[in-house]
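**Student:** This is what each chain is made of:
Number of protein chains: 6
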Amino acid sequence: MDYRIIKSPSPGTLALLLRRKGSAPSIPIENYDAVGLVQGRLIDMVFAADIAEKAAGVVVEDIKGHCPQNLIMIAIFGDTAAVEAALQEIRAKLKAGDNF
Amino acid sequence: MDYRIIKSPSPGTLALLLRRKGSAPSIPIENYDAVGLVQGRLIDMVFAADIAEKAAGVVVEDIKGHCPQNLIMIAIFGDTAAVEAALQEIRAKLKAGDNF
Amino acid sequence: MDYRIIKSPSPGTLALLLRRKGSAPSIPIENYDAVGLVQGRLIDMVFAADIAEKAAGVVVEDIKGHCPQNLIMIAIFGDTAAVEAALQEIRAKLKAGDNF
Amino acid sequence: MDYRIIKSPSPGTLALLLRRKGSAPSIPIENYDAVGLVQGRLIDMVFAADIAEKAAGVVVEDIKGHCPQNLIMIAIFGDTAAVEAALQEIRAKLKAGDNF
Amino acid sequence: MDYRIIKSPSPGTLALLLRRKGSAPSIPIENYDAVGLVQGRLIDMVFAADIAEKAAGVVVEDIKGHCPQNLIMIAIFGDTAAVEAALQEIRAKLKAGDNF
Amino acid sequence: MDYRIIKSPSPGTLALLLRRKGSAPSIPIENYDAVGLVQGRLIDMVFAADIAEKAAGVVVEDIKGHCPQNLIMIAIFGDTAAVEAALQEIRAKLKAGDNF
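Chains as they are written, first to last, in our numbering: chain B, 29 to 128; chain S, 29 to 128; chain L, 29 to 128; chain V, 29 to 128; chain A, 29 to 128; chain Y, 29 to 128.
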């Protein structure tokens with residue numbers, strides 16, 4: 029599992045993420061303070077997306093790689109503190125390993 | 029073989045799974061109590077889907093999103109107890125190894 | 029090379045295979061007693077499909093993974109005895125290794 | 029590099045190859061006595077296709093079906109002796125290694 | 029992470045990159061003095077694109093062409109000094125490792 | 029990095045390359061004396077394409093594998109001496125390793 033946080037993402041970076049997000053293009057990605065990126069296996073990313081979505085003050089998108097059928101990264105948008113909190117929660121819950 | 033269970037999946041998580049399920053988009057994924065995820069090789073996932081489908085009270089979908097081509101994921105929707113029972117049955121039968 | 033046999037496949041399992049078979053969707057997969065699955069390298073799967081097709085009483089389909097250009101699994105439909113016989117023949121002939 | 033030869037290929041096997049060949053679908057694959065299969069890296073398969081095409085009495089097709097992207101397969105159609113001769117020539121010339 | 033710099037890229041090289049860039053084809057790639065290439069994992073490339081975009085005097089594009097799905101490439105266009113500065117900044121910041 | 033050279037490529041080999049080249053299908057591949065093939069990582073192939081394009085008397089094409097987003101091979105068309113010279117220059121410059 030890999031984690032990165034980008035503070036004050038540049039317009040081109042947001043455009044790159046916008047072109048690759050899984051939800052409809054008509055749903056905009058606004059200019060957020062920060063974007064957190066989490067990359068890993070499909071099963072873990074669905075799990076992480078659920079954790080992030082239940083955290084406060086962030087928006088979660090799944091980001092495609094180049095093969096259209098590919099999901100390996102999620103992006104978490106919000107203010108810096110909220111994104112950091114969401115990433116910390118994902119990291120803690122995924123570290124705990126298989127939950128079944 | 030990897031297993032995860034998500035209790036009270038968030039709307040965004042269900043939407044993510046909905047966009048990637050193999051059956052027709054017109055067949056809705058309802059709001060279920062829980063979703064179980066199983067990830068593994070294509071041949072094992074077809075086998076696991078059959079086990080889950082024969083279990084009581086769950087709906088099974090195959091989820092797209094992997095290119096390492098013999099790896100896919102299935103999602104099992106239902107109430108928490110039913111999903112857990114289905115996952116346990118899959119785990120037991122797949123542990124038993126090659127059935128031919 | 030991996031082998032599995034599913035007896036009395038569930039309707040959802042047959043639907044999953046139907047959505048992924050290589051031949052035209054208009055050719056139906058009927059309700060067969062059993063389905064045998066063989067997963068392996070492309071070159072071996074073409075070879076195995078030929079062995080199975082020459083066996084009695086089975087129908088052979090190639091099953092796609094998620095990348096549309098991907099063939100790594102074949103499904104062999106028929107009554108249980110015929111499917112088992114076809115799988116046994118594939119296993120015997122593929123074990124014999126490179127035939128050239 | 030993997031080699032296989034299928035003698036008297038079944039109609040289903042020919043149909044499977046027909047659905048996956050690289051040239052226009054309007055160019056038919058006739059009922060040949062034998063089909064030779066060679067699987068390997070893209071660069072070697074272009075080289076092998078050229079060797080086979082220059083051999084007598086065979087038709088060469090590239091067959092889709094692998095995503096590990098530098099791996100493809102070619103099929104060589106003809107009577108058994110011609111296919112075997114083409115496979116032998118490919119094997120000999122590819123064994124000789126890098127020609128540059 | 030791999031880095032390369034091409035000085036005075038040839039028209040064919042620019043055309044190759046143009047055909048594979050992620051942004052709309054209508055946005056032209058002009059004739060720049062140099063193009064820097066960085067190849068790595070998806071999560072790192074988004075991060076690197078943001079670093080490059082915040083650098084002065086360069087234009088950043090993501091370039092398609094890999095299926096190993098967490099691997100992508102970005103191209104950084106500009107005059108030689110600006111491209112080198114952007115590559116140096118990416119290398120320094122990525123060396124620092126996980127920023128979360 | 030893999031290199032091969034095909035002298036007097038057969039029409040089928042040229043057709044195979046034609047179907048897979050990255051530039052518009054309307055741009056023909058003529059009958060050249062020789063074709064050089066270079067296979068490697070995306071970043072190196074862009075670099076190699078630039079080296080070849082700047083060499084005299086050759087035409088360079090990027091050749092797709094089966095995944096449409098895939099670039100791993102370039103083909104260099106020209107008379108035998110020019111193709112050999114271009115391959116030698118690529119090999120020398122790529123051996124020199126990372127140029128940044």
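Treat the hints as calculated values from the structure; they're not laboratory data. Built from N, CA and C at the ideal position, the CB exists for glycine as well. Treat the hints loosely; a few may be bogus.
As the list claims (entries may be wrong) - Okay, derived cross-link-like pairs now, DSSO-like style, lysine-lysine, Cα gap no bigger than 30 angstroms in a straight line:
| hint | chain 1 | residue 1 | chain 2 | residue 2 |
| --- | --- | --- | --- | --- |
| 1 | L | Lys123 | L | Lys35 |
| 2 | A | Lys49 | Y | Lys92 |
| 3 | L | Lys123 | S | Lys49 |
| 4 | S | Lys121 | B | Lys92 |
| 5 | A | Lys82 | B | Lys123 |
| 6 | A | Lys92 | A | Lys49 |
| 7 | V | Lys35 | L | Lys92 |
| 8 | V | Lys35 | V | Lys82 |
| 9 | A | Lys121 | A | Lys35 |
| 10 | B | Lys82 | B | Lys49 |
| 11 | B | Lys49 | B | Lys123 |
| 12 | L | Lys121 | S | Lys92 |
| 13 | S | Lys121 | S | Lys35 |
| 14 | Y | Lys92 | V | Lys82 |
| 15 | Y | Lys82 | Y | Lys49 |
| 16 | B | Lys49 | A | Lys82 |
| 17 | V | Lys49 | L | Lys123 |
| 18 | V | Lys121 | L | Lys92 |
| 19 | S | Lys82 | B | Lys49 |
| 20 | Y | Lys121 | V | Lys82 |
| 21 | A | Lys49 | L | Lys92 |
| 22 | Y | Lys92 | A | Lys92 |
| 23 | V | Lys121 | V | Lys92 |
| 24 | S | Lys35 | S | Lys82 |
| 25 | L | Lys92 | L | Lys121 |
| 26 | Y | Lys82 | A | Lys121 |
| 27 | A | Lys35 | Y | Lys121 |
| 28 | B | Lys123 | B | Lys92 |
| 29 | V | Lys123 | V | Lys92 |
| 30 | S | Lys121 | S | Lys92 |
| 31 | A | Lys35 | B | Lys49 |
| 32 | B | Lys92 | B | Lys82 |
| 33 | A | Lys123 | Y | Lys49 |
| 34 | B | Lys121 | S | Lys35 |
| 35 | Y | Lys92 | Y | Lys35 |
| 36 | Y | Lys92 | Y | Lys49 |
| 37 | A | Lys35 | A | Lys82 |
Claimed, not checked - Counterexamples of contact, computed for chain Y against chain A with all Cβ distances above 12 angstroms:
| hint | residue |
| --- | --- |
| 38 | Lys35 |
| 39 | Arg47 |
| 40 | Ser51 |
**Student:** Is the Cα-Cα distance between S:Lys121 and S:Lys92 30 angstroms or less?
**Tutor:** holds, 23 angstroms
**Student:** Is V:Lys121 close enough to V:Lys92, meaning Cα to Cα at most 30 angstroms?
**Tutor:** Roughly 23 angstroms between the alpha carbons, so the hint for V:Lys121 and V:Lys92 holds.
**Student:** For a C-alpha distance cap of 30 angstroms, please report whether B:Lys92 and B:Lys82 respect it.
**Tutor:** holds, 22 angstroms
**Student:** Do the alpha carbons of A:Lys121 and A:Lys35 lie within 30 angstroms of each other, as the hint requires?
**Tutor:** holds, 24 angstroms
**Student:** Just to be careful, I want the Cα atoms of A:Lys82 and B:Lys123 compared with a cutoff of 30 angstroms; is the pair within it?
**Tutor:** With Cα atoms ~33 angstroms apart, A:Lys82 and B:Lys123 exceed 30 angstroms; violated.
**Student:** Checking a non-interface call: every C-beta of chain A should be farther than 12 angstroms from the C-beta of Y:Lys35. Is that right?
**Tutor:** holds, 23 angstroms
**Student:** Y:Lys92 and Y:Lys49: Cα distance at most 30 angstroms?
**Tutor:** Distance of about 6 angstroms is within 30 angstroms: holds.
**Student:** Are the Cα positions of A:Lys49 and Y:Lys92 separated by 30 angstroms at most?
**Tutor:** holds, 16 angstroms
**Student:** Given the hint that Y:Lys92 pairs with Y:Lys35, test it: the Cα-Cα distance must not exceed 30 angstroms.
**Tutor:** holds, 21 angstroms
**Student:** Holds or violated: V:Lys49 with L:Lys123, Cα cutoff 30 angstroms?
**Tutor:** OK: V:Lys49 and L:Lys123 at ~27 angstroms, within 30 angstroms.
**Student:** For a C-alpha distance cap of 30 angstroms, please report whether Y:Lys92 and A:Lys92 respect it.
**Tutor:** holds, 12 angstroms
**Student:** Mind checking the alpha carbons of S:Lys82 and B:Lys49 for me, to see if they're no more than 30 angstroms apart?
**Tutor:** violated, 35 angstroms
The structure fails to meet hints 3, 4, 5, 12, 18, 19, 20, 26, 31, 33 and 40 from the earlier list, while all remaining hints are met.
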